[in-house]
Amino acid sequence: MSTDLEQFYEIFFEESSELLADMETCLLRLDVNSPDLEDLNAIFRAAHSIKGGAGTFGFTDMTETTHMLETLLDKLRKGELEVRSEMVDAFLKAGDVIKEQLAGHRGEGQADPAAAAAICEELKRLSDEVLVPPAIEIPIINTKTEIIPVENEVAVDEIRPVSMDDSSKLTYCIQFSNDGMSNATIENLFANLKQLGIVENNTPKNEKELCKLKLTTSNSEEDIWETLAFVVDPANLKIEVDSSDSAEVNVTETRISDATHANVESLVEEDVCATTPMPPAPGYGFFPGAPAAPKDIDDSEFNLNSPQQQSVGSNKNELQATSNKPSSKANTTTPANEASSIRVSVEKVDQMINLVGELVITQAMLAQTASQFDPVVFEKLHSGMNQLERNTRDLQESVMSIRMMPISFVFSRYPRVVRDLASKLNKRVELKTVGENTELDKSLIEKIADPLTHLVRNSLDHGIETPERRIAAGKVAQGTITLRAFHQGGSIVIEVSDDGAGLNRGKILAKARERGLPVHDGMTDQEVWLLIFEAGFSTAEAVTDVSGRGVGMDVVKRNIQSMGGRIDIESVFGVGTRISIRLPLTLAILDGLSVAVGDQMFIVPLNYITESLQPSAADIKTVSGHGRVVQVRGEYLPVIALHEVFNLRPNVTAVHEGILVILEAEGYKAALFVDDLVGQHQVVIKSLESNYRRVQGVSGATIMGDGKVALILDTAALVLSSKQEFV
Amino acid sequence: MLREQVVVSATTPSGSVRSHTVNEFLTFRLGNEEYGIEILKVQEIRGYDSITQIANAPSFIKGVVNLRGVIVPIVDMRIKFGLSDADYNQFTVVIILNVASRVMGIVVDGVSDVISLDAEQMRPAPGLGPVIDTEYIMGLGTVDERMLILIDIEKLMGSSDMGLLDNSLN
Chain A
181 MSTDLEQFYE IFFEESSELL ADMETCLLRL DVNSPDLEDL NAIFRAAHSI
231 KGGAGTFGFT DMTETTHMLE TLLDKLRKGE LEVRSEMVDA FLKAGDVIKE
281 QLAGHRGEGQ ADPAAAAAIC EELKRLSDEV LVPPAIEIPI INTKTEIIPV
331 ENEVAVDEIR PVSMDDSSKL TYCIQFSNDG MSNATIENLF ANLKQLGIVE
381 NNTPKNEKEL CKLKLTTSNS EEDIWETLAF VVDPANLKIE VDSSDSAEVN
431 VTETRISDAT HANVESLVEE DVCATTPMPP APGYGFFPGA PAAPKDIDDS
481 EFNLNSPQQQ SVGSNKNELQ ATSNKPSSKA NTTTPANEAS SIRVSVEKVD
531 QMINLVGELV ITQAMLAQTA SQFDPVVFEK LHSGMNQLER NTRDLQESVM
581 SIRMMPISFV FSRYPRVVRD LASKLNKRVE LKTVGENTEL DKSLIEKIAD
631 PLTHLVRNSL DHGIETPERR IAAGKVAQGT ITLRAFHQGG SIVIEVSDDG
681 AGLNRGKILA KARERGLPVH DGMTDQEVWL LIFEAGFSTA EAVTDVSGRG
731 VGMDVVKRNI QSMGGRIDIE SVFGVGTRIS IRLPLTLAIL DGLSVAVGDQ
781 MFIVPLNYIT ESLQPSAADI KTVSGHGRVV QVRGEYLPVI ALHEVFNLRP
831 NVTAVHEGIL VILEAEGYKA ALFVDDLVGQ HQVVIKSLES NYRRVQGVSG
881 ATIMGDGKVA LILDTAALVL SSKQEFV
Chain B
251 MLREQVVVSA TTPSGSVRSH TVNEFLTFRL GNEEYGIEIL KVQEIRGYDS
301 ITQIANAPSF IKGVVNLRGV IVPIVDMRIK FGLSDADYNQ FTVVIILNVA
351 SRVMGIVVDG VSDVISLDAE QMRPAPGLGP VIDTEYIMGL GTVDERMLIL
401 IDIEKLMGSS DMGLLDNSLN
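From first to last, the protein sequence lines stand for chains A and B. Take 181 as the starting number for the first sequence in the working numbering and just add one per residue. Take 251 as the starting number for the second sequence in the working numbering and just add one per residue.
There may be inaccurate statements among the hints.
[Unchecked claim] Quick list of simulated restraints, FRET-style, between CB atoms:
hint: 1; chain 1: A; residue 1: Gln548; chain 2: B; residue 2: Asp394; range: 44 to 54 Å
hint: 2; chain 1: B; residue 1: Ile295; chain 2: A; residue 2: Arg286; range: 12 to 22 Å
hint: 3; chain 1: B; residue 1: Glu385; chain 2: A; residue 2: Thr833; range: 36 to 46 Å
hint: 4; chain 1: A; residue 1: Asp856; chain 2: B; residue 2: Asp394; range: 47 to 57 Å
hint: 5; chain 1: A; residue 1: Arg286; chain 2: B; residue 2: Leu290; range: 31 to 41 Å
Calculated directly from the structure, the hints in this document are not laboratory data. Glycine residues also receive a C-beta, built at the ideal position from the N, C-alpha and C atoms.
All chains should be modelled from the sequences, with the hints used to inform the complete structure.
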C-alpha cells in the first residue's frame, strides 16, 4: 500500500497548498467581532482535509499541527470560544508552519520542528483557555461571554463536547475492511472518530479483516465519510444507520422503517426511494403519533436520505452510493469551481500554444499564396481561406486564454502581507483591490508577484504614515493601499497606490547628490521619481528589517523590464503615491511594427514607439561633424541609423528620404532611422538563443507570414547605446 | 551498435580512431575536397533558402532560417574553411545538424552519399603544422581512391571561434 501511495504525493501536495491558500483567505476575511460560521467551517474543513491526507501519507508532523489547529477551530465553530484576533494570528502562523512542513516533505528545505512545537503549544493554550473562568480571560464584554461558561462546563465534563441538541444524534454502523492497514493507522482512525462522538468497537474477536464500529454522533454521515475516506478505501467502506437504536427522532425512524421494508422486499424499496425526496409532510404520515422534529434538522437529514437508503437497501445500490459520495463532498467544500476544471501540466499547454503558433504562420503563408489566384475562378478556395483565417484566429485566442489567469492569484497574498507588516509597524492600513478578475499570462503572474510584494511593502513602510502623523496632517488615521489592475490597449496595467506621505522631492535630490548622481534642480518630477530605482538608493533614515537598505527598487525595475514592462511613478507630496506597472498581456506574443532596411525586415516593439515621421532635411543637424540629431517639436533627439548598427546596405542613406521612428525607453528618446515602414503585426516571439547565442541589439526573432525570419529589436538597448554615444 | 558510436565520438581523442568499430558518415563536398560527418549528428538535408542576416556576426554565419517554427542558425562551411568561391547554386544544400542539443545548419556544395568506414579505412590526420587546425579533424578516411576528411562536427560547432554558443564566448 505504501508504494501505491507515492504516486498520490504530488496531488496531496498540490491540494494541500490550495487548501492552505483557501484557509488563509478565509482567515483574513474573518471578522473577529462577528465571525461568519461559514468561514469558520471552511477553515475547519481545510485543516481537516490536510490532516486526513497527511495522516494517510504518514506525515506525522503535519498531522499534529493540523490536529491542534482543528481542535481550536472546532471549539470556535461550535461557539464554545469567542474568536479573537490573537487566535487568527495563531492560525496564520500555524498555516505558515504547515506550509513549511509541506515544503519539507516535498524535499524543498527543512521545516523547523521548534516552530511547529511552539505553534502547537500556543494553539493548545488557546483552546485550553476554556478551562479558566472566562471573565478574566476574555475582557471584551458582550452578551455572548455570559453564555459561554455554561457551555464550558459541558466541555470540562466530557472530553469531546457535543453541544448540539441530543435529538439530532444518530447511531451509525460502520463497517470497513482493514486489510493492509497498520495498527497505528487504525488507532489514529479511532481517535478521529472519537472526536465525532461515542465510538463502540463491535469487531468480532476472530475477525481479522473486517472492522465493525458503532458511532453515536450528532455529525452527519458526510462528516464520518470525510474522516474515513482518507484512510479507508471507499469501495470497502459501509456506513449505515443503526436500526437497533430506537431512541431517535421521527425522521430517523422513517428511514429505519424504510430500511426494513427494503430488506423485506426490494420492490418496495424502490417505491420508498422514489418518495424520499418529497417534502417532509408525507414522510410523517407513516408515524402519525411522532412529534414534529425541528425544521433545520429534518432538512439536513433529507439531503442525506437518498444515498443512505440505497446503501441500506441492497449491495448493488451501495456501490452507487459510495461513488456518489466523493462528488457530493466536493460540491459542498468548494462551490462549482472545482467540478468544471481539470489539471493540465503547463508543458502540454505550451506545446499547444507552439503548435497553434505554427498553424497561424502556415495559414498566413497559405493566404499569401492564395491571394495570387484569380478570386473569380477560385472563389471556393478564397472563401475557404477566409474561413480558415477566422478559425485559426479563434483557435489562437482560445488557446492563449488557457494560460490566462486572473490577477487575484497574486492579489490574494497581499492582505496577509499588509496585515503582518502593518501590525509590525504599528500602522493602520486598509488594502483595497480593484479588478482582481483582470487576466494575464500565467508566467507573468508568477514573475509579477515578487516585484509587486516589494512595492506593497514599500508603500506601507515609506508611504503610509503612522496614525498620529496622519491625524496631525488632517487625514483619517487609517491609511489605504489600493491595488488596481485593468487592461489598456494590448497591455495590462497594475497600480499600487497609497494615500500616504508621497515622495519628497527635496530629500530624493539631496540623497542623489550625496551619492554623486548627476542631478540638478531643474529636473522634472518624473525624472526625480525615477531616481528611486537607482541601485542602492534609499531615503529611509534607518535601516529596518522591512526596508531601507536600498536594494529592491532597482531589482523591481529590472524584473519588470525583463518582462517587457514599464514602470511609472506619480506622486504628490503629502497626498500619496501611485506606481503603475504596464505589462504585455503575454510573453509569447508581441505587437510590433515591421520596418525595412535594405532587404531585411525588423520588428520594433510597438510599446516603445511614440511616433513615426519623415523629417525634412532642415531638421537634421550634425553634432561635431558626425553624430546626427533631429529636431522634433523643439526637442533634439539622437538619430540611430539601423543600417549602421547592423552593418547593412540600406536603400536610402539620406535621413530625410527615409523614416524616423521615435522610440522612448527608460525615460530617454531616440530616433531610429529606417528605409521604410512595412506594417503592424502581432508576432509570435521565438528565442534566438535556443539554437544560437545572444545578439547585441536583438531581443528575439519571429517568423513572418512568408515564412521568413525577422529579428525583433532590443529597443531599450538601442536607445541606451545612443545615449552613451552622446553623453 | 548505436551506443558504441556515441561512445566513440565522445571519448575518442582527436587524431586517433578506435579499432573494430564501423561508423557511418554522410559525405559532402566543399570545393574540391570531400568531407564526412557522423550520420547520427545529421537531422535532415534541405535546399538553400532565403536567410535572415544577423547583425555583426562573423562572415561565415550566414544568418538564421525558419525550420518549421524553430529559428536555426546557418554556418557556411566554405567561408569558415576559407575556400575561395562560395557561390549559391542549385546544388548548394544545407545540412541540418543536431549537435550539443542544439539545431544548426551548415551550407555545403553538395551531398554525395552515406558510407560505412571500418577502422582500417580510417587514418589519423597527419600533423599539418600551423597551416590548418587539425583539432577538429577526427581522421582521414579512404574509400577506393577517394579521401574523406572526417570532421568532429560537435567539437567544431561548439568551439569558441565559431561563436555559436554563448558560453563558448566567455
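Okay, the hints, checked on the actual structure:
As the Cβ distance of Gln548 of chain A to Asp394 of chain B is approximately 49 Å, the hint placing it in 44 to 54 Å holds. In this structure the supplied range 12 to 22 Å is violated for Ile295 of chain B paired with Arg286 of chain A, their Cβ-Cβ distance being about 47 Å. At roughly 43 Å, the beta carbons of Glu385 of chain B and Thr833 of chain A sit within the given window of 36 to 46 Å. The given range of 47 to 57 Å is respected by Asp856 of chain A and Asp394 of chain B, whose C-beta atoms sit roughly 56 Å from each other.
Our hint of 31 to 41 Å for Arg286 of chain A and Leu290 of chain B holds, since their Cβ atoms are close to 39 Å apart.
This entry does not satisfy hint 2, going by the numbered hints stated previously; all others are met.
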